[in-house]
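Visitor: Let chain F serve as the given structure and place chain R on it in line with the hints.
Heads up: the protein sequence lines correspond to chains F and R, in order. As numbered in the UniProt record's numbering, residues 1 to 98 make up the first sequence, in order. As numbered in the UniProt record's numbering, residues 1 to 84 make up the second sequence, in order.
Treat the hints with care, as some may be off.
Taking lysine to aspartate or glutamate pairs in the EDC-like style, the calculated list, with each CA pair at most 16 Å apart, reads [what the hints assert, rightly or not]:
1. F:Lys32 x R:Asp83
2. F:Lys32 x F:Glu68
3. F:Lys37 x F:Glu68
4. R:Lys58 x F:Asp48
5. R:Lys59 x F:Asp48
6. R:Lys59 x R:Asp83
7. F:Lys32 x F:Asp57
8. R:Lys24 x R:Glu45
9. F:Lys32 x F:Glu96
Distance windows between CB atoms, simulated [unchecked claim]:
10. R:Ala2 x F:Asp81: 38 to 48 Å
11. R:Glu9 x F:Gly73: 32 to 42 Å
12. F:Asn77 x R:Cys73: 23 to 33 Å
13. R:Pro7 x F:Gln66: 38 to 48 Å
14. R:Cys73 x F:Val71: 35 to 45 Å
15. R:Arg13 x F:Asn77: 38 to 48 Å
16. F:Ala95 x R:Gly25: 15 to 25 Å
17. R:Leu6 x F:Glu96: 44 to 54 Å
18. R:Ala2 x F:Glu68: 25 to 35 Å
Some, not all, of what chain F presents toward chain R, calculated at C-beta under 8 Å [claimed, not checked]:
19. Ser26
20. Leu31
21. Asn61
22. Ile84
23. Leu90
24. Ala97
Rather than coming from a laboratory, the hints here were simulated on the basis of the structure. Owing to the predicted nature of the structure, the values given are computational and were not obtained by experimental measurement. In this text, a Cβ means the ideal position worked out from N, Cα and C, and glycines have one as well.
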Amino acid sequence: MDESTPPPPPAELSPPPVPSTVPSGSPTDFLKGVVGKRVVVRLTSGVDYRGVLSCLDGYMNIALEQTEEHVNGVVTNRYGDAFIRGNNVLYISAAEAI
Amino acid sequence: MASQILPLELIDRCIGSRIWVIMKGDREFTGTLLGFDDFVNMVLEDVTEFETTPQGRKKTQLNQTLLNGNNICMLIPGSNGPDS
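Okay, chain F solo, but in the shape it has when bound (with noise of 0.2 Å):
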């Protein structure tokens, strides 16, 4: 009933968005930033997995390229690609300067 009430401006108050090469420390920036790259993903059992990380998801559901199995600090077996589903990551490190 009240037409002297001005609609609510446009929403243009949101920052604009950070530029790709600076990442903000999220989670989510971080993994944009190892996708490609050489990462070692430990397991919750302590076994780690060596390899190019080519895609992952929400669940840290992980595809790896060029993995290695590390048990001990000892190479177990090697796999072109490798899937490893995300309930078992303890955590995914950058093997090299991201």
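Guide: Only chain R this time, still in chain F's reference frame:
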């Protein structure tokens, strides 16, 4: 109750400083906190992993690391871990 501070706010105030993360099992991490999300998955830098085994404590140095929040038990801000 204006001074009430939420747990995740407390962690947010630790961004940029050293933090000690104690996991559910015999594992601890220290590092510089870069960020975290609602699941308390954490991005850490200059990380040391401490693994307590029957043979003693094993240390591993890591670069930038995304730590899964699923097994995190406790966070101690400003600490450099079990050695400090």
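Visitor: Against chain R, with CB atoms and a cut of 8 Å, does the hint on Ile84 of chain F hold up?
Guide: This interface hint is violated because 12 Å lies over the 8 Å limit.
Visitor: Classify the hint on Ser26 of chain F as holds or violated, based on whether any CB of chain R lies nearer than 8 Å to its CB.
Guide: 4 Å, holds
Visitor: Quickly compare the C-alpha distance for Lys32 of chain F and Asp83 of chain R to 16 Å and report which way the hint goes.
Guide: With a Cα-Cα distance of about 33 Å, the restraint between Lys32 of chain F and Asp83 of chain R is violated, given a limit of 16 Å.
Visitor: Holds or violated: Lys32 of chain F and Glu68 of chain F, Cα atoms, limit 16 Å.
Guide: 22 Å, violated
Visitor: Given the hinted pair Lys24 of chain R and Glu45 of chain R, is their alpha-carbon gap at most 16 Å?
Guide: The given pair, whose Cα atoms are some 21 Å apart, is violated under the 16 Å limit.
Visitor: The hint says 44 to 54 Å between Leu6 of chain R and Glu96 of chain F; measuring C-beta to C-beta, is that right?
Guide: 36 Å Cβ-Cβ, so the 44 to 54 Å window is violated.
Visitor: Taking 38 to 48 Å as the stated bounds, is the beta-carbon spacing between Pro7 of chain R and Gln66 of chain F within them?
Guide: 40 Å, holds
Visitor: Is the hinted range of 38 to 48 Å satisfied by the C-beta distance from Ala2 of chain R to Asp81 of chain F?
Guide: Violated - the Cβ-Cβ distance for Ala2 of chain R and Asp81 of chain F, about 55 Å, lies outside 38 to 48 Å.
Visitor: Given the hint of 15 to 25 Å, is the C-beta distance from Ala95 of chain F to Gly25 of chain R inside that range or not?
Guide: 24 Å, holds
Visitor: Once the shortest beta carbon distance from Leu31 of chain F to chain R is found, is it less than 8 Å?
Guide: 7 Å, holds
Visitor: Would you mind confirming whether the straight-line C-alpha gap from Lys32 of chain F to Glu96 of chain F stays at or under 16 Å?
Guide: 15 Å, holds
Visitor: Is the gap between the beta carbons of Glu9 of chain R and Gly73 of chain F within 32 to 42 Å?
Guide: 40 Å, holds
The structure fails hints 1, 2, 8, 10, 14, 17, 18, 21, 22 (numbered hints given earlier, in ascending order).
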